[in-house]
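A.B. asks: Spelled out, the chains give:
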Amino acid sequence: MSNTFEPEIVAFCCHYCAYTAADMAGSKRLSYPPNVKIIRVPCTGKVDAIHIMKAFQKGADGVYVAGCLEGDCHFKNGNLRAARRVQRVQALLDEIGIDSRRVEMITMSAGMGERFAKTAREFTEKIRELGPGPVKAAERDFGLSAAG
Amino acid sequence: MITAVRKPMEEIIACVSPYDRILLAGCNECVSVCSVGGRKEVSLLSSALQMHFLKQGKTLEIQEVTLERQCDPEYVEELVNSVDSADAVLSMACGCGVQTVAARFREKPVFPAVNTAFMGASERQGVWSERCQGCGDCVLGITGGICPIARCSKRLMNGPCGGSTKGKCEIDTDIDCAWQLIWDRLKALGLENRIEEIMEAKDWRTSRDGGPRKIVREDLAS
Amino acid sequence: MKEYSDIEAKQSGNRAVLVIGGGMGGIRAALDLAESRRDVVLIDKSYSIGGLMTRLDRTFPTNNCDLCTISPHLSESGRQLLIDLKPMTEVEKVEGEAGDFRVTIKTKPRYIDVEKCTACGECVEKFPDWVHFTPGLDPRAPTCMRYPQATPYAFSVDAEKVTDFKALQEVCRAGAIVPEDRERTETLSFASIVLATGAELFDPSVLDNFGGGKYDNVVTGLEYERIMSASGPTQGWLERPSDRKRPSRVAWIQCVGSRGINSADVPYCSGVCCMYALKEAIVTRERFAEDIETSIFYMDMRTCGKDYELYLNSAVDDYGVRLIRCRPHSVVEDPETGNLSITYATDEESCHKIEVFDMVVLSTGFRVDEQVLELAGRLGIDLDEHGFAQTENFKPVATSRPGIYACGVCESPKDIPETMIQASAAAAEAGIQTPPAPQEQEEEFFPPEKDISGEPLRVGVFVCDCGANIGGVIEVDELVRNTGGLAGVELAEAVGYGCSSESINRMEQLITAKGLNRVVIGGCSPRTHETKFQDMMRRCGLNKYLVEIVNLRDQDTWPHMDQPEDAQEKAFRLMEMGISGISKARPLTENTLPINQNVLVVGGGVAGMNSALLLADQGFRVYLVEREKELGGLARNIRTTLEGEHVGAYISDLIEKVNSHNRIQVMTRTIIVDHKGRPGRYTTGIQTGRGMHYMQIEHGVAIMATGALANRPSQYLLGKHDKVMTQMDLDVKIEDDPQSVRDMDQVVMIQCVGSREPGNPNCSRICCQSAVKNALRLKDANSEMQIFVLYRDIRTYGLYEDYYREARRRGVRFIRYEPEKRPEVRDAGEGLEVGVYDPILGLPLEISADAVILSTGFAADDETTEDLSMMFHLTRSDDGSFLEDHVKLRPSDMSVPGFFVAGTAHSPKSIRESITQAQAAAGRARSLLARQVINLGAAVAKVDGAKCAACLICVRVCPFNVPFINADGYSEIDPALCHGCGTCAAECPARAIQLMRYEDDQILAKLEGLFERMN
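Going line by line, the protein sequences match chains A, S and C. Read in order, the letters of the first sequence correspond to residues 38 to 185 in my numbering. Read in order, the letters of the second sequence correspond to residues 375 to 596 in my numbering. Read in order, the letters of the third sequence correspond to residues 5 to 1019 in my numbering.
Isolated chain A, as found in the complex (with noise of 0.2 Å):
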């Protein structure tokens, strides 16, 4: 079952590093697993706990949000206060019996293709490994879909 798994993966990425990163990576050629699909934003401190949570609910797999380096933010902080938000869901995650590991708070430059194609790949081979998410485990397991 696992061997066949593709898992869906949402990449928050931030418009001045993570997403440039993503374009240069593109430009470049560099492969990285097309499971990853990008939602833009302004600054990764733009993310909401609830935008990762309900990215699970519906149907996610593995979700991580990408700014940029620390001490680069081109507002000051957000990606710091991204990082805090993304240990509040992991920690929540944890309680819910749904592995942590399933979202990651990841940084860069806007000239760190490379990274970026690295990190998907590493990111990807790990939510393959963590197998299906909530949502994809209950219809296999029950039948169900996913509310709200």
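Hints listed in this document are in silico derivations from the structure and should not be mistaken for laboratory results. A quick note: this is a predicted structure, and the numbers were derived from the prediction, not measured. Hints may contain errors.
According to the in silico footprint, chain S covers these stretches of chain A (three or more CB under 8 Å from chain S) [what the hints assert, rightly or not]:
1. 60–72
2. 80–91
3. 168–175
We put the CB at the ideal spot given by N, CA and C, even for glycine.
Following the hints, put chains S and C in place on chain A, whose structure we already have.
C.D. replies: This is chains S and C only, laid out in the frame that chain A set:
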């Protein structure tokens, strides 16, 4: 402000697991301000619970409603329509809110999702400290604006005790010694003498020791 | 590309300005001019703009990524309607005079139509030798990806190498290859010219002792930047060239080729190398490994810019960077290991030492470009002895030919913030000769916006194939078919190259014909093309925020080109996400405010008066407020400059001009007492005159030119002995009491008194030049006089080095002291005794002195800046001076829109530098005023008052301190101040805040779209 912390998920899960339809009620007053029971937390808890039960093969229906204030019956009245289609109510308000809801909807089980903690003040973003224990007979006027009941670990009325070291409390060195603070403040006010005055034994009848309290304002009450 | 013909220029009344050079200085000048509604032609001999800065890694003091800071500027530059960008272009000839120059320029053929080129990269893929990969490869450093946002975003063809143009044309599906492109020469009219050609960096291979160009592991500072850079040849891994191993000991050698007297050297100081060496050393330890030893060999540490001294202290104290004061003798390579031995001697020991390093970085400075020398000839401007454009202290950006202005390194060595200040100053001056262009050309261009509220959703989906870039990986037709069936989609079509004008016309017709009210484009990155499609929407009468660009190319077909099936699937999912998201989008209004056209200048010193005059001359009403009873400020106490100009006459003239100007209202004995308003419309209350009469000034901009205080610490008997005085006292004495000066036999000067020490840790910047100036004047008065200058580092940066050398030549003695072993000044009745330890002799010296002159420099006017910063909500540096908005790129702008800073209120400065910044601040103010309205964008946070719990969380988390709890008891966010990061929205516990454009429902809709078929 009343502060609170969310209960462990395990406990909340145990409360709601017998039911299929939950009304999750937040409060836009104190618990919003301390980021524990406002619209955002309601939404997060709802999401977490649904995912948890989905993993167990159960679809939990949750209605999210956040009231302006759960400790006022008029606001609680707004739940009338939603409550019918719920098997139980999970409240994210403080104990006052939970009880107001429970009193209004006697036929429904009502569960708290937060542990009400204390009456406190914000120190800075994300940090709250206890400041008042509602003793009913305020002494702040003579203790330089620092409450020995709420802030001295031993509730000493004539402190400090021998455990005060470098301004910290012997119970926990992260806690400031309230009596050191009182001394510093009195000194700054030029009222050092006051520390010498012995405070007599406090009359605790105004506090919880006199049973549940009630305030009736004749001029306002109808 | 906009063709700018001779005739057009004449019709427009010659309002165009030619900017030569597309580096940071040229871009800043062009942007400033365009913002103040002047037509600009920006030419550069290279095929894309950006200059030297695009090759740097991180810039001090924030050590942040240049790509992040520079890219908005470059795309901004490309987008400006009034800037005509001509890369690969050089000046042939300049005729005429200020106000009416006729300039002949020559543009080399690019063989590519920039308008059609989509930068797909097909051509370079097939024929890598024929095409310059402009958005990236710098041909001079073939492995270096410059930066992905290169402007213009297009390629160029190397025609000499092309053997088959037909084959090249066939590859280009955009039809952008133009084999018949020829070199073009045109003659254009300009009112004025800004020269911003920069300089070259010294090539150390001409030196025979440091191994530059000879040993693999000896690199220049710039090469080291490339090695550290994330976009560099090693992708940001620090490794040495010879064996690609991480170095564990790196040494920097300063002043390589600068401050020298040998044949390959230049005598001047390059002014930037100390800071970049420190930066490189810090970044090495911070980013790579703390165990890498970093050593800098230097002569004088010249960290005399704003807060640079703090950076130096932090390098030593926090990062453990080792500083060795000496000029090394040689670098020798061990051919076995590639390691490098540096032979050197220090003051303390009288023998040679040899130390081995893994890598040596040569801090090379600026060299005047040969081509610029020729260009100066064609422009007919004078150069100084070193080849820099000649300017005057009181006219710091004007060249010898009226109407031609110079800025940046082609004027003298300088760093980025100084270049930015000078560029703004040059733009301010160049703009005086030209009237602004007519208002609001842009607005007339677009029809009024249609009200789509209440309309059912009618989404138009357009998918680009971008040649093979998208079309070669996925089936565009299949994607169109599949998306066509989605809810809300009225129409789906393939559009080939969506960004071509044909396709855009076609889409506009369809949008109008089908009454579409939302559009999704499946194409390339919104970072590069969003504006283009937003303009398309506006032409159709639709709000620009009703279009979503789905990044199929950069984030799907490019990275997944080897998995076409997966790419097809992902493309569909991304489109679903885009369609679902745009369905929730609302038309947004960009917040605009009309700007009051009056100017408030606070401070009537040299800086304030210059700003006031420049703006008043251009027709603005200026209120000049001065606390003292007379104008002039500190400069009233200065007699001459280092170069010998008479300051007194200049100041009197300036005061006269300001006082007699009919658009300047001068108010002396005036203090500011209150302030309110919002960007563009401020009201400031003042109390003025003897009676402290209260009045209010309405203004749109304000320039803070409150100056600094002349420092007078009570050290070394200052104020206790009448023969101890400051450099400023001496300056006056030389002028007013020449006889007493002539009678002096021995004079001691002590540097860094009250600066570079706890309490005032920064360098006062001007004291070294003042000491050299006064030492030379004393020598003029009495050539027999013995002058001792006791110093810590001599900081005669840039061209001031010439005067330092001159002082040494004339016998002024410079003795270094360490702060731990300060000189002692003792009262000896009539005269004084000075004791100092000479590190070269290794002995204490006793010098009797007729006078002791203390270089006391500046102290920030802490009280004034504190009051004003509270009143105006401005930010301050730790030392109490005003803080600029961006230390590198916006050195004269402040964080509150419409506020600018000039002169010593910003940081210690010479008169020349104060004048430059005054002009810059005035120019920046003019740019803002020229817009008439402020556009504040639409992506701002909005509070729903009914939901707000007034919890203060937004107030506390906002990085820009914008939200406040209003009189109605809920949070209010001024759209004029909101930066749009969304942090408050994500933290609000009551979910009462939404960031426009990124509302929760839009993000949730995207997630729903993405997972549509699963639910």
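A.B. asks: Okay, which hints does this one fail, numbers in order?
C.D. replies: Result: hint 1 breaks, nothing else.
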